[in-house]
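Peer 1: From first to last, the protein sequence lines stand for chains A and B.
Mind the numbering: the first sequence is residues 394 to 1109 in the numbering used here, read in order.
Mind the numbering: the second sequence is residues 394 to 1109 in the numbering used here, read in order.
Treat the hints as calculated values from the structure; they're not laboratory data.
The structure presented is a predicted model; accordingly, all values stated were derived computationally and were not measured.
By construction, the Cβ of each residue, glycine as well, lies at the ideal position given by its N, Cα and C atoms.
Please note: incorrect hints may appear among the correct ones.
To be verified - In silico contact screen, one side only, chain B against chain A (beta carbon under 7 Å); selected entries: (1) GLN706; (2) THR789; (3) CYS875; (4) THR1069.
Said to hold, decoys possible - Derived DSS-like pairs: lysine-lysine, alpha-carbon spacing no greater than 30 Å straight-line: (5) LYS1094/B with LYS1107/A; (6) LYS1034/B with LYS1088/B; (7) LYS987/B with LYS863/B; (8) LYS812/B with LYS1094/A; (9) LYS997/A with LYS1080/A; (10) LYS436/A with LYS409/A; (11) LYS987/B with LYS863/A; (12) LYS437/B with LYS819/B; (13) LYS1080/B with LYS1107/B; (14) LYS639/A with LYS600/A; (15) LYS409/B with LYS1059/B; (16) LYS600/A with LYS589/A; (17) LYS819/A with LYS436/A; (18) LYS919/B with LYS1088/B; (19) LYS1094/A with LYS1094/B; (20) LYS425/B with LYS538/B; (21) LYS812/A with LYS1107/B; (22) LYS1059/B with LYS1094/A.
Number of protein chains: 2
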Amino acid sequence: MNPITFTKQSYIIDGKPGFLYSGEFHYFRVRKSAWRERMELFKKAGGNCIATYIPWLIHEPTEGNITFAGEDHLDLEGFLKIAQETGLRVMARPGPYQYSELVYGGLPRWLYDGYPALHARRLNGESIQRGSVSYIHPLFLEKVKRWFDAVCPLIARYTISQGGPIAFTQFDNEAMGVHLWRGSADYNPETMGFGKSGGRYTRFMQKRFPCLTDLNTAYDSAYERYEDVRPQTPGLPPRTSDTRRKKDYFEFYLGTVAEYGVILVEMMRSHGIDTPFIHNSANPDMNAFFIETVDALGSDFLLGSDHYYNLDQNWNQNNPTPQYAINVFYSNEMLRLMGFPPSIFELPGGSCSDWPPITPHDIKACVLANIALGMKGCNYYIFTGGPNPPGAGLTTDLYDYGAAIGSEGEIRPLYDVVKEIGHFVKDNSWLVEAEHVSDFRVSLDFDYARARQYEAPLTGIRFSAEQAWKFTRVGLLTTAFCSSLSPDFIDMRSDEWLTDLSTPLVVICAETMAQSKQARIVQFLKNGGRALIAPVLPRFDENLHPCTILSDYLGSPELEANDGQQVRFNCGPVVNIFDNGGVSYTQAVPASGKVLGIDEFTNKTISWMSSPTGGGKVVFLGFHWMHAKNEQGQMLSWLLKELGLIQRVICSNPNIWTTLRRHADKSMLFAMNLSTSDMEAEIDCPKNDDTPGSKHHVALKAMTVLMMDPVSGKEI
Amino acid sequence: MNPITFTKQSYIIDGKPGFLYSGEFHYFRVRKSAWRERMELFKKAGGNCIATYIPWLIHEPTEGNITFAGEDHLDLEGFLKIAQETGLRVMARPGPYQYSELVYGGLPRWLYDGYPALHARRLNGESIQRGSVSYIHPLFLEKVKRWFDAVCPLIARYTISQGGPIAFTQFDNEAMGVHLWRGSADYNPETMGFGKSGGRYTRFMQKRFPCLTDLNTAYDSAYERYEDVRPQTPGLPPRTSDTRRKKDYFEFYLGTVAEYGVILVEMMRSHGIDTPFIHNSANPDMNAFFIETVDALGSDFLLGSDHYYNLDQNWNQNNPTPQYAINVFYSNEMLRLMGFPPSIFELPGGSCSDWPPITPHDIKACVLANIALGMKGCNYYIFTGGPNPPGAGLTTDLYDYGAAIGSEGEIRPLYDVVKEIGHFVKDNSWLVEAEHVSDFRVSLDFDYARARQYEAPLTGIRFSAEQAWKFTRVGLLTTAFCSSLSPDFIDMRSDEWLTDLSTPLVVICAETMAQSKQARIVQFLKNGGRALIAPVLPRFDENLHPCTILSDYLGSPELEANDGQQVRFNCGPVVNIFDNGGVSYTQAVPASGKVLGIDEFTNKTISWMSSPTGGGKVVFLGFHWMHAKNEQGQMLSWLLKELGLIQRVICSNPNIWTTLRRHADKSMLFAMNLSTSDMEAEIDCPKNDDTPGSKHHVALKAMTVLMMDPVSGKEI
């Protein structure tokens, strides 16, 4: 069997670019006699891989007694053999932590209950929750090592290089979720090394602030020794220094997670596991927390994300919605920018809850929307289930999950959807190499996507990093999709985009932005780039120290908040644009500037354009919004056209969202109707020279995605 | 023209029971020449009433200059004449506050900006938000009186008794929303009378605590004079006394709102307005805040509610969902129990936002679901719109709203829906007298529905009033609808249900419940009633003083929290019930008791049944949940059947929710599919003697409601 490899853009399966099509299949929940038949069913559906957790909990029921023999649910090796015979590759997920609705998240009961020292802890010392461990606590790592010493050799014997089926090995699962979802990072004092001269946190502080005076200035503190520094002050009204301190701690915490990943991967490698290693961010919102991990692990590592839309009534939506599509979009884009083919390691294949219902119809729309938005590989969670091992299930006895294949082997209507999509990605395997045909770019500042973890609302900060990230999603991106604009993200940490002048760039700024990122925007403009900058200009760097490189380059235009007064915002030909966010007036437009938008009530400038020294073109827009009105889209389109936008798809219905994907001479247009009503539209894909293409009429039932040839209009 | 009157159950229109079918139509937003044509269109659609705000803002642009003459948008009288000629009744809504996306909520600019004394204020003295006034501030009432002195005589001349079209007059609009939505009740010191010996708050305190020592005991304070009492203590960790004090203040605040209503109605009556008066609670969540107002206004007053499902991205859902249906259910039930035919004075007829889309398909499902769940009258907000008067619009120039009739008179597809439903309610006017055929009852404790406004999480309170109200909605009611059980609410404040032994009663208890309510449950049981009591027994009254009447009557069974330990809950024949809420063990089941449900891990009792002295039958269930698994429904059904439940509708699909409505020999079954997928089911309405009826197969497209004859199965 050929290994599955991957490039930045795609998977390589059996030597050819192809879609990773995997399904979760737990040997410990399906009786042995059903393994082969169900695997064959998945293969028939187009599957080329299955994934399984390997729960420490069930294999080491009492400390020191590790077994893979005996009952069906322990026979990992038997399972791997049958997968091998069926021709399916395997993603092995040996933990240590797994969740999978197992008690203690799949960790042994004796471990968590017997060794409280290794619990993840809140700042006040309380354990965060059952199953929540302190990742790099020495005692925890010692126990993990014993588990890995047993399970890894078994995995190693069945890797593809050894003639086995295992193509990927995952370490841990949805890291950080067990801490952060309960409202706290890990503050286990031993792990984090508080108060010790050689402690981890102490060393981190020394590295971040080589001079103690700088630390005290930043933290508004009076420490005399690094080991006295604490991650939070019990200060009452939030101060700038508190945000700095929390931010540093959060980054320190992310560093420990990265180290945890490195330690686990090294353990696994030491046992001869030579597959690529993978990990799954628990949801789009957490992708940005893995930058340190990705940097630490380098190549042979692949980060994916989990894209559920509903697992119970606590979720934001019962079914895929346009808001879900926005999350999918930015998640896939983040993964792409981190250098990976966007992979969704848990894509809904049912739910532990019977209600709200997860239907085949909704799942089909969900999966196709993920493909439309750039997904190159997926794993259905789950493809088939069955009874939990005795005492191991956190929910109910039966882990049926409403999956494609029921616990008794029933072939459900969902199977047809899995099969239909499986054949679609096989028949259109070129899609895995395809790129999104975009007509403008949007800056992605990972700092903004993290800020909610540490940023306090500060006096003097009018537009925070967290607000910038929210505006990106509910304002800019939503407006863009409703206006059939086609955005891509660029990574503000990278220099790659600086010389790409092909399309205009929208730069979303908070009042804080790293100096290097501000400098990159300046450089992009100096290179001749065209940028729409909104809704404020940074006045500080990411650590809240004054930094106005970007503003200085633009001529230091002074901005003035309108402080909630009603405005009447007109921009170019678009009048009376609904302000449901906020407006900043530019007091003096730069000398070379031209006013584009004003507040009719005060006649003050909200938007202007200029050509700063050295080339390039800038539109500044002192306005942020939540998408609600068509005029907001008209404004955005008009401003981008002032910057040379050539629209790639034109769709007459704001409720049908489109993406055009292209590779070599092949292209496919996806049209998504994620509303609850049937929708129709005229869709036009103009040619590259901006002359009109041929218009196609499309009709989409509620909650459906349509694929068509953009030239002929033929449905695929 | 006959007046529109109403009973507790229905509207009487032209002397016959009929549905109030109204549409919002603003004379100040539609040009005069279009009034008649659009009114006729609404009449053709089955409309019998239109509603309009009468904005103080535009009629008194500068103080003292009140005018109803001149331009189209001021000609209220002309509008009323045409309504009269068209044969439509009118709901007049002269404010003072209105919102309607008008600046300052429709209050004059000069009023709010010129008289800061009358602003509603936070505890720290800040104004709450623009347009947020302190309702019974003397200066505000003085200005209101001048406005009412001008507008009320005009209204009075056009009431039905004077041969005019005005059938209802509304005071204010969505009262309290402008305060509470911004996170604060009103603490305007002059209005509330803090610190004065004759001040309102001082008098309220004296009345509530005739003995100052009791006050100090309750508030954990040491006041020497009533006038020194303050509505909140700046205490750090919440104490029992803080919750008491906040609760008292909230009730005091609700009392001022009631007084405001009385003052406004008296003003209007003094000018000869003799229509019934109405008011609209802003949403289901606020209905419970109007008890004082309803009590104060007595007959000739009708409280309705507003039932939007989406007005912008901040809403919980883009379209009607089952969760929305739960809100509609409890809202209509609250209105019914307050003594009104459930009336939705603002039902979506479009949206100020273009996105998320409000479609005819969704609105049809929304309105039919409201009818299915007991609505007897409605007003589309809006039926038709047009340009805002100059400078008056808070959103954009055009208030088109995507309404049934566009601002240029376009007849949109939504009009067909309005017409179709208009004809449906006309053809089935008996529905307005129909009652829900229920098979069990649920206790409604209005205290629980209010508790989120004052309740702090207190040590020693394991299950709070707010949790009880949440469990009622996401647990009990959702499970009931998914299990095709048919609930009705009973009002715990009333004695009416005490002798009705027809169906079992589910009593949801927090650890706090008023003494009188506990006593009523005891009385119900003594009368021979059958009750399922869950998930705890009250230990305190509503003011957190010890009170165990109910528990004592049941033999004082001691409850023990399981504190988050995993349980394996089996109840009767239903095993392994998913615990996603919490469990209380009963340490000693009452002597006469029989165990129904246990935790298999500990063998401790979770549910038991007993026949307390004096008759009746009790099932206690120490379990609360969020509906997620079918077993939760099987458990509920089984427990209710132990109490003699005879199910009125049996539906095989948990995603199709049913209600059966009956009047005399007529009945109609509503089947709702508020999911995004097509659904099918077998539905059976057993006969009264519990023998099976005839099964009907139904197929419902996504987001549709079907009406059928329960006997023949014929679609209506």
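Peer 1: The structure should be examined with respect to each hint, and the outcome stated for every one.
Peer 2: Against the structure, the hints:
Below 7 Å, beta-carbon pairs count as interface contacts, and GLN706/B has one with chain A at about 5 Å; its hint therefore holds. Restraint check, THR789/B versus chain A: the minimum CB separation of about 5 Å is within 7 Å; hint holds. For CYS875/B, the interface hint holds, the least distance from its beta-carbon to any beta-carbon of chain A being 6 Å, beneath 7 Å. Residue-level restraint check for THR1069/B holds (minimum Cβ-Cβ distance to chain A is 4 Å; threshold 7 Å).
With a CA separation close to 27 Å, the supplied pair LYS1094/B and LYS1107/A stays within the 30 Å bound. A C-alpha spacing of about 21 Å is found between LYS1034/B and LYS1088/B, which places the hinted pair at or below 30 Å, so the restraint holds. The hinted pair formed by LYS987/B and LYS863/B meets the criterion: a straight-line CA distance of about 29 Å does not exceed 30 Å. Restraint check for LYS812/B and LYS1094/A: the C-alpha separation of about 24 Å stays at or below 30 Å, so the hint holds.
Taking the CA atoms of LYS997/A and LYS1080/A, the gap is near 39 Å; set against the 30 Å cutoff, the hint is violated. Straight-line distance between C-alpha atoms of LYS436/A and LYS409/A comes to about 18 Å, which keeps the hinted pair within the 30 Å bound. For the suggested pair LYS987/B and LYS863/A, the alpha carbons sit about 55 Å apart, so the restraint of at most 30 Å is broken. As the CA atoms of LYS437/B and LYS819/B are separated by approximately 12 Å, the hinted pair is consistent with the 30 Å bound.
Distance hint between LYS1080/B and LYS1107/B is fulfilled; the C-alpha atoms sit about 17 Å from each other, no more than 30 Å. At roughly 16 Å between alpha-carbon atoms, LYS639/A and LYS600/A fall within 30 Å of each other, so this suggested pair holds. Proposed proximity of LYS409/B and LYS1059/B is supported: the alpha carbons are some 17 Å apart, at most 30 Å. With a C-alpha separation of about 15 Å, the suggested pairing of LYS600/A with LYS589/A holds against the 30 Å cut-off.
For a cut-off of 30 Å, the pair hint linking LYS819/A to LYS436/A stands: about 12 Å separates their Cα positions. Under the criterion of a C-alpha separation no larger than 30 Å, the hint pairing LYS919/B with LYS1088/B is inconsistent with the structure, at around 39 Å. At most 30 Å may separate the alpha-carbon atoms for a hinted pair to count; LYS1094/A and LYS1094/B meet this at roughly 11 Å. Distance restraint check for LYS425/B and LYS538/B: the Cα-Cα separation of roughly 29 Å lies within the 30 Å cut-off, and the hinted pair is therefore satisfied.
At most 30 Å may separate the alpha-carbon atoms for a hinted pair to count; LYS812/A and LYS1107/B exceed this at roughly 38 Å. Distance restraint check for LYS1059/B and LYS1094/A: the Cα-Cα separation of roughly 36 Å exceeds the 30 Å cut-off, and the hinted pair is therefore not satisfied.
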